[in-house]
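Q: Put together the whole structure using the sequences plus the hints.
Protein chains in written order, with the working numbering: chain A, 1 to 151; chain F, 1 to 843.
Don't take every hint at face value.
Cβ-Cβ distance ranges computed for the label pairs, FRET-style [unchecked claim]:
(1) N770/F / D24/A: 15 to 25 Å
(2) D24/A / T577/F: 23 to 33 Å
(3) D818/F / T124/A: 54 to 64 Å
(4) D24/A / T457/F: 56 to 66 Å
(5) E58/A / I775/F: 39 to 49 Å
(6) D24/A / Q440/F: 48 to 58 Å
Simulated pairs of lysine-lysine, DSS-like, Cα-Cα distance not exceeding 30 Å [what the hints assert, rightly or not]:
(7) K561/F / K42/A
(8) K192/F / K713/F
(9) K803/F / K95/A
(10) K91/F / K86/A
(11) K506/F / K42/A
(12) K561/F / K95/A
(13) K95/A / K544/F
(14) K91/F / K288/F
(15) K544/F / K288/F
(16) K192/F / K95/A
(17) K95/A / K288/F
(18) K561/F / K86/A
Treat the hints as calculated values from the structure; they're not laboratory data.
Beta carbons are placed, not taken as given, at the ideal position from N, Cα and C, and that holds for glycine.
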Amino acid sequence: MAQSTTNSTKNTAKINWLSICQLDDIVPNMGCCALVSNASNKARQIAIFRIVSLQGEEQLFAVDNYCPFSQANIISRGIVGDLNDKIVVASPLYKQHFELSSGQCIEDKSVRLNNYAIRLNGSTVELALSSLTAAPKQEQQKNPQLKQEEK
Amino acid sequence: MSTKIKLVVIGNGPVGHHFLESLVTSGKANNYQVTVFGEEPLPAYDRVHLTSWFKNQDVSDINMVSNGFYANNHFTLHIGDKVTQIDRFKKIVTSENGVEVSYDKIILATGSFPFVPPVPGHQRDNIFVYRTIADLEKITAAAKTAKVGAVIGGGLLGLEAAKALQDLNLTTHVIEFAPRLMAVQIDDGGGKMLRKKIQDLGVSVHTQKNTQNISDGDNAVHKMSFADGEELETDIIVFSAGIRPRDELARQTGLGMGARGGVVVNNHCLTSDTDIYAIGEVALWDNKIYGLIAPGNAMAQAAVDHLTQTGDSEFTGADMSTKLKLMGVDVASIGDAHGTTPNCRSYTYVNDREEVYKKIVVSSDDKYLLGAVLIGDAAEYGSLLQFMLNKMELPSEPEGLILPSVDGSSTGIGVDALPDSAVLCSCMNVSKSDVIAAVQAGANDMAAIKSCTKATTGCGGCTALVTQVLNNELEKQGVEVNTDLCQHFAHTRQDLYNIIRVEKIKTFAELISSHGTGLGCDICKPTAASIFASCWNEHVIDNKLHGLQDTNDYYMGNMQKDGTYSVVPRVAGGEITPEKLIVLGEVAKEFNLYTKITGGQRVDLFGARSEQLPAIWKILVEAGFETGHAYGKSLRTVKSCVGSTWCRYGVQDSMAMAILLENRYKGLRSPHKLKMAVSGCTRECAEAQSKDLGIIATENGWNMYVCGNGGMKPRHADLFAADLDDVTLIKYIDRLFMFYIRTADRLQRTSVWMDNMAGGLEYLKAVIINDKLNIASELESEMTNVIDTYQCEWKTTIEDPEKLKRFTHFVNSQAQDDNIIFTTERQQIRPALASEKLIMEVN
Numbered sequence: 001m002a003q004s005t006t007n008s009t010k011n012t013a014k015i016n017w018l019s020i021c022q023l024d025d026i027v028p029n030m031g032c033c034a035l036v037s038n039a040s041n042k043a044r045q046i047a048i049f050r051i052v053s054l055q056g057e058e059q060l061f062a063v064d065n066y067c068p069f070s071q072a073n074i075i076s077r078g079i080v081g082d083l084n085d086k087i088v089v090a091s092p093l094y095k096q097h098f099e100l101s102s103g104q105c106i107e108d109k110s111v112r113l114n115n116y117a118i119r120l121n122g123s124t125v126e127l128a129l130s131s132l133t134a135a136p137k138q139e140q141q142k143n144p145q146l147k148q149e150e151k
Numbered sequence: 001m002s003t004k005i006k007l008v009v010i011g012n013g014p015v016g017h018h019f020l021e022s023l024v025t026s027g028k029a030n031n032y033q034v035t036v037f038g039e040e041p042l043p044a045y046d047r048v049h050l051t052s053w054f055k056n057q058d059v060s061d062i063n064m065v066s067n068g069f070y071a072n073n074h075f076t077l078h079i080g081d082k083v084t085q086i087d088r089f090k091k092i093v094t095s096e097n098g099v100e101v102s103y104d105k106i107i108l109a110t111g112s113f114p115f116v117p118p119v120p121g122h123q124r125d126n127i128f129v130y131r132t133i134a135d136l137e138k139i140t141a142a143a144k145t146a147k148v149g150a151v152i153g154g155g156l157l158g159l160e161a162a163k164a165l166q167d168l169n170l171t172t173h174v175i176e177f178a179p180r181l182m183a184v185q186i187d188d189g190g191g192k193m194l195r196k197k198i199q200d201l202g203v204s205v206h207t208q209k210n211t212q213n214i215s216d217g218d219n220a221v222h223k224m225s226f227a228d229g230e231e232l233e234t235d236i237i238v239f240s241a242g243i244r245p246r247d248e249l250a251r252q253t254g255l256g257m258g259a260r261g262g263v264v265v266n267n268h269c270l271t272s273d274t275d276i277y278a279i280g281e282v283a284l285w286d287n288k289i290y291g292l293i294a295p296g297n298a299m300a301q302a303a304v305d306h307l308t309q310t311g312d313s314e315f316t317g318a319d320m321s322t323k324l325k326l327m328g329v330d331v332a333s334i335g336d337a338h339g340t341t342p343n344c345r346s347y348t349y350v351n352d353r354e355e356v357y358k359k360i361v362v363s364s365d366d367k368y369l370l371g372a373v374l375i376g377d378a379a380e381y382g383s384l385l386q387f388m389l390n391k392m393e394l395p396s397e398p399e400g401l402i403l404p405s406v407d408g409s410s411t412g413i414g415v416d417a418l419p420d421s422a423v424l425c426s427c428m429n430v431s432k433s434d435v436i437a438a439v440q441a442g443a444n445d446m447a448a449i450k451s452c453t454k455a456t457t458g459c460g461g462c463t464a465l466v467t468q469v470l471n472n473e474l475e476k477q478g479v480e481v482n483t484d485l486c487q488h489f490a491h492t493r494q495d496l497y498n499i500i501r502v503e504k505i506k507t508f509a510e511l512i513s514s515h516g517t518g519l520g521c522d523i524c525k526p527t528a529a530s531i532f533a534s535c536w537n538e539h540v541i542d543n544k545l546h547g548l549q550d551t552n553d554y555y556m557g558n559m560q561k562d563g564t565y566s567v568v569p570r571v572a573g574g575e576i577t578p579e580k581l582i583v584l585g586e587v588a589k590e591f592n593l594y595t596k597i598t599g600g601q602r603v604d605l606f607g608a609r610s611e612q613l614p615a616i617w618k619i620l621v622e623a624g625f626e627t628g629h630a631y632g633k634s635l636r637t638v639k640s641c642v643g644s645t646w647c648r649y650g651v652q653d654s655m656a657m658a659i660l661l662e663n664r665y666k667g668l669r670s671p672h673k674l675k676m677a678v679s680g681c682t683r684e685c686a687e688a689q690s691k692d693l694g695i696i697a698t699e700n701g702w703n704m705y706v707c708g709n710g711g712m713k714p715r716h717a718d719l720f721a722a723d724l725d726d727v728t729l730i731k732y733i734d735r736l737f738m739f740y741i742r743t744a745d746r747l748q749r750t751s752v753w754m755d756n757m758a759g760g761l762e763y764l765k766a767v768i769i770n771d772k773l774n775i776a777s778e779l780e781s782e783m784t785n786v787i788d789t790y791q792c793e794w795k796t797t798i799e800d801p802e803k804l805k806r807f808t809h810f811v812n813s814q815a816q817d818d819n820i821i822f823t824t825e826r827q828q829i830r831p832a833l834a835s836e837k838l839i840m841e842v843n
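A: Encoded structure:
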């Protein structure tokens, strides 16, 4: 299995890694949603994506599952892909794209999902508990005005 | 402005109506107090397409007046009331019903009437003319007890009338005095070919027949006796022996008249009275009556320009070139069709196998086109007409213009060579510069050009040319017409379809590694998934395909705004047993689902959490339900009325047909959703004409309508074929759907697909009915494959424990999404608003 990427493992401080699931539980090039909590936080929904390139290179990403445009917990159900070489997920309701490595919304610079440190430990997918301290974004609301398909 | 100018428009035919539209367009309509009189009981309708009335006997098919046109513009309309007198001294017009209106200006647009030669017996019953809807109604009524019909007159209108008689299932004869059909417009060779083609369609053509007497028949109502001693028995006779101007009002008013009738007008369409204009077929310009719509419209424009002083167009004669489809046969005539110009040369191409005749007449030096006749294939009409109208120099060896191209290259006109002023669409008077202006204003496909310029919406003869100008202009503007699907594939959807089909590609990885770049995206992935499904029909959440699916296809339900899904089982044709209906109710109750009847005649259950879907569907599948594909770009429903089984008006079993069709095409993935409907009679209760594919029962079978839709831009479906038997109907639908799947763009409904297709409806008929591309059997076998590999996606899913694992909301917990919160409204659930959720949290 190829190397996994993490966002903030340089920090020498001891990081508590929380075991989420087995890698095989996540279908390649799809997402899933994890329910994560630590002692000080309300349980939070995190969308985890497993990206496998054509060459077999594995990457894991973790961002909020909450979509500020639709105010629903659905990001993990979006289609993943790349736009201008950035790996993105498209929100399944109003189709905004979010960059997986940063959570940044491509269509609206003012919107960013929280992103979380994630790694593969053996065959286990683990999330850094410390990265959960970022404030949840449940309050944020955005107009869902992006291309709505004709019903 | 203190007082308005009192304008009276006498006549509410197509030209009279065009005058009113042009007046509105001029922006000066407010300066006039407009009163319109029309003798017929209906506002203006499109006489040119009178035959289409027969299909549905529905006036709205040919109505020309947009909703609220008269009211919005404050025009007063008196229909069913004829003007009987113009008092030019008191300046008052008086109508049959006694309406008196004083006027400052009059527009006389009384049109013409059909000429009936005074043959002995012409006043007998069951003898008609062909001009108004009232005439058509009389003919239709008489046809009910008739077997044979004859049309006297083999001109353009006569052949239209013959088509009408044939559509009424009469054995049809055309009687022509001249030695050939359409003697004015086409030459001998063309006449021969036309005659052959029309006889092939089952119409008997008799030329050089001078009808001398009509009397009682022995085996039919009438016996027609001809000068050559022959006789013909027929039940119905329709006279179509030319038109005469309806000038009696003008004559009685004392306006200047032509020796053989017609109101004399000048270039502004002014009569001898400078307060009275005459336009259309009542007007005589340069001693000529113009019996076509385009010159009539040009006269209307000239009159508006002069009246309102908003333009300077004058009527200076009109080109009488014409292209039309007579009984499905293309016929075109341009300029000097008979080659009467001294020293002219002509070139002729005759193909007996394809039954095509083409002739061009050119100047003695081969440089300029003078005329042309095209029978059987009039594709070159647009470019030939431009060569003539604009006096453009012909290529050397001008015969190449009508010879079939061997290498497939176009020998037509280079649109760059056309002057900007060239009129591309003569029906709607749209010039090349109008089309260019529309493109520059952002219209970048044919559908947009049609809606903003109206080009091609008359006879449609200019479609190919307008398309060329459009593409040429887009190219020039550097608007690279980028038809790439997305940044991962430099291909159109159609290209990808062909690639997948030909190379038998079954996975996205194969496709993108051999024909694309990158990881893919939310555009190309679902597109590829849809094509895979159309070609190979594997399960949508098969392991290699599920990552490509939009969430709706993945969860096999429609995601709603709160992240829950809706559940829509198939209820083919809307027919459901009480037992099954109870099951739906019980499921809705058990899972507390919001329940609604849909427009597609089924039941929609809302508010299911993803993890509830398998349990819900297990019950439904066990009760005999299948998935309804409400979530897919695929066949949705086949709506139906009960048809002949219950309804006293039904003429066919629409219910059985709807169920058969829904079961046949269920699960068919396509570029966009597909909707169908079947109506059991012409009352059309199933609203079939608003569907991609609509079917309306007739006494003799089924009428098939294509490419309609509701939604944001509603469009009525077009009649595609009439009186089909079951087998032919299904064959055509198989081919049509597969051709759509093969060639449409992503998310392109059938209506836009057809509107953007060069040749439109007629081309589609050529491909589907006449198998012009020689692909019909291929399309049919592709459809057979899809039908044979159908599976209920939900049934397969609930039988597969591995697939069921994917429906939990969390990968690491059996908990539910706590953000899905409902409240109650009208005794049912609905998603709570954010403000309501906040209150619930506080409590």
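Q: Can the restraint linking K544/F and K288/F be considered satisfied, given a maximum Cα separation of 30 Å?
A: violated, 72 Å
Q: With the threshold set at 30 Å, check whether the alpha-carbon distance from K91/F to K288/F stays at or below it.
A: Roughly 29 Å separates the two Cα atoms, so the pair holds.
Q: Within 30 Å, alpha carbon to alpha carbon, are K95/A and K544/F?
A: Within the cut-off at roughly 23 Å; holds.
Q: Taking the beta carbons of D818/F and T124/A, is their distance inside 54 to 64 Å?
A: violated, 26 Å
Q: For the pair we were handed, K561/F and K86/A, check the Cα-Cα distance against 30 Å.
A: Satisfied, since the Cα-Cα distance of roughly 27 Å is no more than 30 Å.
Q: Is it true that D24/A and T457/F lie within 56 to 66 Å of each other by Cβ?
A: With Cβ atoms ~59 Å apart, the hint holds.
Q: Hint says 15 to 25 Å; check whether the CB-CB distance for N770/F and D24/A agrees.
A: Taking Cβ atoms as reference, N770/F and D24/A lie about 55 Å apart, which means the hint is violated.
Q: Note whether the CB distance of D24/A and T577/F lies within 23 to 33 Å or breaks it.
A: violated, 44 Å
Q: Hey, K561/F versus K95/A, does the alpha-carbon distance stay inside 30 Å?
A: Satisfied, since the Cα-Cα distance of roughly 13 Å is no more than 30 Å.
Q: So if I understand the rule, the pair passes when the alpha-carbon distance is 30 Å or less; does K192/F with K713/F pass?
A: Given that 30 Å is the threshold and the Cα spacing comes to 45 Å, the pair is violated.
Q: Quickly compare the C-alpha distance for K803/F and K95/A to 30 Å and report which way the hint goes.
A: holds, 25 Å
Q: Just to be careful, I want the Cα atoms of K91/F and K86/A compared with a cutoff of 30 Å; is the pair within it?
A: violated, 78 Å
Of the numbered hints listed earlier, those contradicted by the structure are 1, 2, 3, 8, 10, 11, 15, 16 and 17.
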